[in-house]
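Novice: Chains A and B, in that order, give the protein sequences. If you read the first sequence in my numbering, its first letter stands for residue 1, the second for the next number, and so on. If you read the second sequence in my numbering, its first letter stands for residue 668, the second for the next number, and so on.
Some hints could be false.
[To be verified] Quick look at which bits of chain B chain A covers, simulated, 3 or more residues with Cβ under 8 Å:
(1) 676 to 687
(2) 722 to 731
(3) 808 to 817
(4) 828 to 838
(5) 846 to 860
(6) 874 to 888
(7) 947 to 953
[Claimed, not checked] Examples of chain A residues toward chain B, derived with CB under 8 Å:
(8) I100
(9) I273
(10) G560
(11) D563
Think of the hints as simulated: they come from the structure by calculation, not from any bench. Glycine residues also receive a C-beta, built at the ideal position from the N, C-alpha and C atoms.
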Amino acid sequence: MGGDILRVGTSGLAAFKSALSTVGHNISNVNTEGYSRQRVDLINQPGISSGSGFVGGGVSAVNTRRFYEEHAVLQVRNRTTTVEQNAIYYDLASQVDNLIADSNTGISPSLADFFNAAQGVADDPVSLPARSVMLSEANTLTDRFHLMYKWVDDLRNSTNARLGNLVTDINGIADSIAQMNKDIKTALGQGGGRSPNDLLDRRDDLIRQLAEKVQVNTVDQNDGSLNVFIGSGQSIVVGTQSMNLQTRPDPNDTNNYEVTYVNNGVGSIIFPITDSLKGGELGGALDVRKDIIDTAQNHLGRLAIGLATKFNEIHNQGMDLNDDLGTDFFRVPQSEALANINNTGTGKFTATITDISMLSTADYRLTHSTATTYSLENLETGTITSLNIPGDGPPFSFDGIDVSLTAGTVNIGDVFQIRPTRNGARDIDVLIDDATRIAAASPIRAETKIANLGNGKVSIATISDITNAAFTTTTQALSPPVMVQFDNTAAGAPLTYTVYDNTVPGAPVSIPGNANIAYDPSVGADIFPTAAGLDYGYRVRLTATPRPGDQFTFGYNSAGISDNNNMLVLSELQEKAVFAKGVATFNDAYSKFVVDIGHKTREAEINRDAQKALLHQAKQFRDTVSGVNLDEEAANLMRFQQSYAAAAQVVSASEQMFQTLISAVRG
Amino acid sequence: MRVSTIGMAQASLNTMLSQQAVLSQTQLQIASGNRLLAPSDDPYGAANALNMEEKISITEQYEDNVILAKNRLNLEEGILSNVTLIAQRLNELTVQGKNDTLTKQNRQTIAAEVNQMRDQLLALANTSDSNGEYLFAGHKGNSKPFTPDGAGNFIYGGDNGQRRIRIGPATSLPVGDSGNAVFREIRTGNGTFRASENAANTGTGVVFANTVVGTYVPDNYTVTFAAPAIAGNPPDYTVTDSGGGVVTAGTYANDSAISFNGHQLTIKGTPQPGDRFLAEPSPNQDLFKTVQDFADALVMDTSTPTAKAVYHNALTRVSENLNLAMDNVFEKRSEVGARLNTIDKQEVINETFMVQMKTSLSSIKDLDYAEAITTLNLQMTGLQAAQQSYSKIQGLSLFNYL
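Let the hints inform the model, and build the full structure from the sequences given.
Specialist: As structure tokens, then:
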């Protein structure tokens, strides 16, 4: 009987001691991230039948329960992934965002200064200082392009490094989770099926850390271990085994890193899993690389290539202070067509830009898919087009680019990455360093002879084809210089003119097939190309009423240093819609780029903040279930202390009862 | 609802952190004066700002261009006004020269002044600007416009070029005129045709090219005088065209009009049979040659009536040509004046546009200080409240009472 009381009392002591330790454990772990509070489950012991009924057997602490809400933990994990993804996106994107509209680093103000300097030369083409300013502004502009390119490129390099670090971290966590799985299995076995609460908490926290890096899914196994999948289903922990990842240069584009499994030496092909890795810091970094870094360099490149190409076109049609025809003002950057390093064929493609107005900012992937087709993927929009051989090429033409096979043979399966504008901002340069070689003048002098009796006027000549033999045969001269003379028709008869080769000014030679061409004063005439097809690469218009015998000459603009016609056209390029099929000027294209980046940055910022709020809510919800409340624990502490004291009293009472019995028997 | 200890602390902490973040943003705005700290704050606003900044930059360049254009045009205007003064003086001298009471000495004095003025005109036409660029050489800025060849002619070293300068969006205008336009594209006679006497004339006829009446038929016409049918009468004349066909004929009457094919000539004096006068479409003649002709005429011999007639014919030609030259310079001056007017109007347009653009830009980029400072105060109060309540609540714990 006494023994029963003793047993009941000590059962209370043991149970309350357990409860107190658990309360102490909770209090000690009040600040532990991911800790779920624990409570001891107390059940009463069944009683033993006796004459006075069933007498209870005390209490027993059967289990230490973990307060844990699976749903809450999942919510916290998923929202953590999204927050980290948007946070890293915003951090990296805002670096580019800040750069592009700053007036000290942005392209827009420098572009405006350059064209203003061009107007300065148009105002005063003879002035060498004005020309020097234009050259210096051109150099400032190309320097800005270089600077921006380098900034973004540095960002690319640091993002690649970040990928490497993230993959190392992920590997570390995967290894730890695999170890945890092992420990939990062991603990389950040792504990006879009771859950090893603290190990579970630790494993959950590891998974949460993993969720910061990349999107995570888990599947419970029956033996207590957890299989972990990242991205869209790539497993990194199976039972007690972990699979490690690595980074390596992308075979399509060796400037970027891709993520693959570590080849564990079984001899199988390594598949890149980069595209299926979403969410978390890793997913965010990969998104930034595509959305911001690649986009930024392509936009800047297109702007640089457009400027260089269009400016050169006009500059080459002019004449400089030395009476020479203009040469390229800017170096036009080249496009790239890279062969995948795993290609089996020897084919080499070259990409050339043929039409700036059709040029996009996308990269393309060209695959020799079957014997009769190539497949072309626009990497910005995702559209895939099938190209037939030889109907569509090679050479292929699309979006203002020509891609031609220049060497070797292409095997089926070979892949090529085409990057028309990627390096534009890096490679643009000013080729002219001598201010006298800025071609401000027109190369043609169109003159109305002073001895003319009529009032016919000839317009300023515009160049239609500077490669025409008339310009290229001899330097600083037209081959031939031309004279148009009105024939000696009778008074009242319709006017006609003849085109002469004026190489020897005193002895013009009529050009066969171009004599007695009719002229209507009410309409005027575009002299070239003549009805017989004579074309010297320029266009000129005759108006009003000449008289028979009147002469008009077209020759090289020798000593025409005060002529600013070409510089006027060059300065007007600023407001010409050069891009997007004739809709966007240089500044428009740059503004669109700023909006694009600004938009994406803003979206990431808004999403991050929204998701952070949701994450806080999720954490609150989890804490409602699993969090430790010190006041509650303090109350429990008091309660179980008292209970312990009371149980101790029961033991003491049992001892007193025994003493009483012993004294009674001793007599 | 149950709250955990770290949950409570974390919630308060998060609130404080986010309040600090917006406070810091507002403070940055106030310190920099910019509403937009980065394009992502307002992407479309940032793009609009870029466009406006470009337009402002271009308009500032137009303002610079306008100053240059005005300088150049004012320089040209100054020269043309001096040319006009000289031409007017020369005109006075031709009137003097026609006075038959002048002695040879008088005429030599006038000739000396005429020579001086010819040189002045040459100097004006050869003016160069501060860069050393000749104003009236067209596009050949380093080539001297007018050089006398020693034989009474003046060689033009420039071309027809005319420089245009942009003064506004889609607006450009010429800021100069070539030497050809000002000094050489000057018709002679009456602007349409000119009449002159044949050098072998023996009579004293002086011809004036009066006007165009009716339909002008351009051709080279010759008025030939022949002996009258009745002796003692004035001679008869025949007008033939370049093909030799007779256009009209008649009897000469002193100082009355001879009309044919749109031409109306007047011959004064006494032509002799065999004398011929020519009417041809007016070629161009430069101002300096006209002045040279004047100087050459003044030193002619005028002892015989025939020689006097030659002198008067020469002076008549000089008067005609000088008038047309003055008309041309006047026309060019009007054009320069009109251009200066256009520039003035464009300056106002440019300025108005600038103000509009700058206002729009400011509304996008610049901070409204009143609003921002109010917001700052509110946020500061909010942050203070959060901080104070945090420190108060953290102190509450059951453990304090155990």
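Novice: Let's test the interface hint: is any C-beta of chain B closer than 8 Å to that of A:D563?
Specialist: 4 Å, holds
Novice: For the region 676 to 687 of chain B, do at least 3 residues have a Cβ located nearer than 8 Å to some Cβ of chain A?
Specialist: Holds, because 3 residues of the region 676 to 687 of chain B bring their Cβ atoms closer than 8 Å to Cβ atoms of chain A.
Novice: Has the region 808 to 817 of chain B got at least three residues whose CB is nearer than 8 Å to a CB belonging to chain A?
Specialist: Coverage by chain A holds for the region 808 to 817 of chain B (3 residues, Cβ < 8 Å).
Novice: Using a Cβ cutoff of 8 Å, are there at least 3 residues of the region 947 to 953 of chain B near chain A, or does the coverage claim fail?
Specialist: As far as the region 947 to 953 of chain B goes, the hint holds, because 4 residues have Cβ atoms under 8 Å from chain A.
Novice: Would you settle whether the hint for A:I100 is holds or violated, based on the nearest Cβ-Cβ distance to chain B being less than 8 Å?
Specialist: 7 Å, holds
Novice: Verify this for me: three or more residues of the region 722 to 731 of chain B with a beta carbon less than 8 Å from a beta carbon of chain A.
Specialist: Check passed, 5 qualifying residues.
Novice: Test coverage of the region 846 to 860 of chain B by chain A using CB-CB distances below 8 Å; three residues minimum.
Specialist: Result for this restraint: holds, n = 3.
Novice: Please check whether the region 874 to 888 of chain B has three or more residues whose CB lies within less than 8 Å of a CB on chain A.
Specialist: holds (count 3)
Novice: Within the assertion that chain A covers the region 828 to 838 of chain B, do at least three residues meet a Cβ-to-Cβ distance smaller than 8 Å?
Specialist: holds (count 6)
Novice: At a threshold of 8 Å, is the proposed contact between A:G560 and chain B supported by beta-carbon distances?
Specialist: Holds - the Cβ of A:G560 comes within 8 Å of chain B, reaching about 4 Å at its closest.
Novice: Minimum Cβ distance from A:I273 to chain B below 8 Å?
Specialist: Constraint on A:I273 not satisfied, violated at 31 Å.
The structure is inconsistent with hint 9 alone, although it conforms to all the rest.
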